[in-house]
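Q: Chain by chain, the residues run as shown.
Number of protein chains: 2
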Amino acid sequence: MTIIDGKKVSAELKSAIRDEVIRRNSLGLKQPHLAAILVGNDGGSETYVAAKVKDCEEVGYISTLIRFPDTIQETELLAAVDQLNMDPSVDGFIVQLPLPRHINENNIIEAIDPSKDVDGFHPVNIGKMALGLSSYLPATPSGILQLIEYYKIETSGRHCVIIGRSNIVGTPLAILLSRKSSPGNCTVTLCHSQTKGLKEICLQADILIAALGKPAFLTGDMVKQGAVIIDVGTTRVPSATTKSGFRLSGDVNFDEAAPKCSFITPVPGGVGPMTRIVLLQNTLKAAGDKKQ
Amino acid sequence: MTIIDGKKVSAELKSAIRDEVIRRNSLGLKQPHLAAILVGNDGGSETYVAAKVKDCEEVGYISTLIRFPDTIQETELLAAVDQLNMDPSVDGFIVQLPLPRHINENNIIEAIDPSKDVDGFHPVNIGKMALGLSSYLPATPSGILQLIEYYKIETSGRHCVIIGRSNIVGTPLAILLSRKSSPGNCTVTLCHSQTKGLKEICLQADILIAALGKPAFLTGDMVKQGAVIIDVGTTRVPSATTKSGFRLSGDVNFDEAAPKCSFITPVPGGVGPMTRIVLLQNTLKAAGDKKQ
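Chains as they are written, first to last, in the working numbering: chain A, 89 to 380; chain B, 89 to 380.
Okay, chain A solo, but in the shape it has when bound:
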């Protein structure tokens, strides 16, 4: 059994990005510039955006953080998006979700210029992904594909069972893994809250991806001997043994599942660290071969 080390892989990929930025500078190419819009003071969002800004600094990108109070009106936010769309110095940008309830998230996402949509949430990018065309892939699915590639896990012809059909993880993963590509060419079964006989379906999986957000949901008796397990869950659960009083729990009961697996991602340190790398990769792609 191999534990997939997302921390190590992401560190290597990050280092490669840093080298690429140095190379770009030496060639007179534009320094990649990522902007982030943060609305309100949600604790989780603050943490995520701060991490993204820090990542940019570490690889040598320019980053811009634009903050608005949670009282901002949709029209004002749309104007801010439009300004970033038109700013040639900004290669890519994100609007950190969730947004306050009075703002329609779809309207905001659809207002982003698809060529700057480094989160890969715009319908054009989702559609291109489904059609197998070049696009910005969403962070978690792309990070998982890269882990699979790094560990040379065979996917072609294998049965992949995905639990969870969210727009940003389960559904795009199902599309990507069933495509004629590598990684890809899986027979994919997409399961969700309405699925019946889940255990029997999971027991058929060569590759099992848990992305439903229920701590330790996937138990050992749902795992076929030799399966690959990708755990996307990251739920905060109370803990008596950590200083903060909580720990991150995956969707997989690791202790039960791990002995049966060929490969498994831990939580934390598996899929999580990869998602931040994808944002950097997408921003690099957005910068393309623009000159300084």
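Careful, some of the hints might be misleading.
Any copy, or any two copies together, can satisfy a pair, since identical chains are not distinguished.
Computed cross-link-like contacts, DSS-like style, restricted to lysine-lysine with a CA-CA straight-line distance of at most 30 Å [claimed, not checked]:
id, residue 1, residue 2
1, Lys268, Lys312
2, Lys240, Lys284
3, Lys284, Lys268
4, Lys287, Lys240
5, Lys378, Lys102
Derived from the structure by calculation, the hints contain no laboratory data.
Chain B: place on chain A using the hints.
A: Chain B alone, transformed into the frame defined by chain A:
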């Protein structure tokens, strides 16, 4: 066992569209207008486009057929697309595929204004479909959903196995049937040429959709007792008993499969007649509440 009568359902839906056009006229709303671009003289394409024009006439739409020789350059075709994009009298239009090899189909499809893309092939429409947002659905998947609805076939929690992952049938159907919607909420398994153990997977299917284009591929031993079978195949095969010398064959061995089914679509007369209706429905949607 019930034979799903696509001819009957499509005739009813067509009649409802005709009534709606009369109602629109009486309210001073715009007469729907579908345009079609046909490049070259491919026999199949000629037949399909002629049928679409005839459908328009029958329901009271305006139709415009724009023909180009197969020597047309991509830039000229893009200019023609742009003209239709800007023509306020045209509500929706299609570019009949396939196009000659020297033209990049993706470039043409992406040039179509998504709000006039009544084929539902533009990445924006595919992406919106994946995100559960309002869009133009592609003809075959939408036609199948409507047959399922018409016959009140339960989909929620049922296992749907789809054979074939094309961009216009299998992949969008997998997305649509796994969504939280009705019809929908299926556990979907998407199979294709690389799938191993296909028979065992098919035997689990409550709903089995064959869309791979191989005549009589799905045999009786692959069908679970009581399954619903949707046959998307329409391949011309030689026939000694028809005047034309050929007949249409589905992907399902009907005689073997039918006795085991609860519902089954015949070929011809099942899914096929529905696809033309969807184009009319999408054009009606495109016309919206525009005044004359």
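Q: In ascending order, which of the hints set out earlier in this document are inconsistent with the structure?
A: Violated hints: none at all, because every hint is consistent with the structure.
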